[in-house]
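So for the sequence shown, my numbering puts the first residue at 231; every next one is plus one.
Any given hint could be a false lead.
Label pairs and their computed distance ranges (CB to CB) [as the list claims (entries may be wrong)]:
| id | residue 1 | residue 2 | range |
| --- | --- | --- | --- |
| 1 | 233 | 260 | 12 to 22 Å |
| 2 | 276 | 250 | 30 to 40 Å |
| 3 | 282 | 257 | 28 to 38 Å |
| 4 | 276 | 247 | 11 to 21 Å |
| 5 | 232 | 262 | 34 to 44 Å |
| 6 | 285 | 254 | 28 to 38 Å |
| 7 | 283 | 258 | 34 to 44 Å |
| 8 | 258 | 282 | 29 to 39 Å |
Treat the hints as calculated values from the structure; they're not laboratory data. Virtual Cβ for every residue (Gly too), placed ideally from N, Cα, C.
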Amino acid sequence: MELLGQVWSVFLAVAAKLTHWVLVLVGPIYEGIAGLIIAFLKLLLSIGKTLLTLL
231 MELLGQVWSV FLAVAAKLTH WVLVLVGPIY EGIAGLIIAF LKLLLSIGKT
281 LLTLL
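Construct the complete structure from the given sequences, taking the supplied hints into account.
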């Protein structure tokens, strides 16, 4: 279970980094889209934490 949590954390860190670089590269036009992506990632994080708690 602990390994799954670590893998999930790494995945989220990478996804956040990618989102950051996409935002930097495409500029402010897509800021709203990046905001949605970040909100989606936060939703995934909360779902993942809930699943880890249940397991």
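Structure-based check of all given hints:
{"no.": "1", "hint": "233 <-> 260: 12 to 22 Å", "verdict": "violated, 35 Å"}
{"no.": "2", "hint": "276 <-> 250: 30 to 40 Å", "verdict": "violated, 20 Å"}
{"no.": "3", "hint": "282 <-> 257: 28 to 38 Å", "verdict": "holds, 36 Å"}
{"no.": "4", "hint": "276 <-> 247: 11 to 21 Å", "verdict": "holds, 20 Å"}
{"no.": "5", "hint": "232 <-> 262: 34 to 44 Å", "verdict": "holds, 37 Å"}
{"no.": "6", "hint": "285 <-> 254: 28 to 38 Å", "verdict": "holds, 36 Å"}
{"no.": "7", "hint": "283 <-> 258: 34 to 44 Å", "verdict": "holds, 37 Å"}
{"no.": "8", "hint": "258 <-> 282: 29 to 39 Å", "verdict": "holds, 35 Å"}
Hint compliance for this structure: hints 1, 2 are broken, all remaining hints hold.
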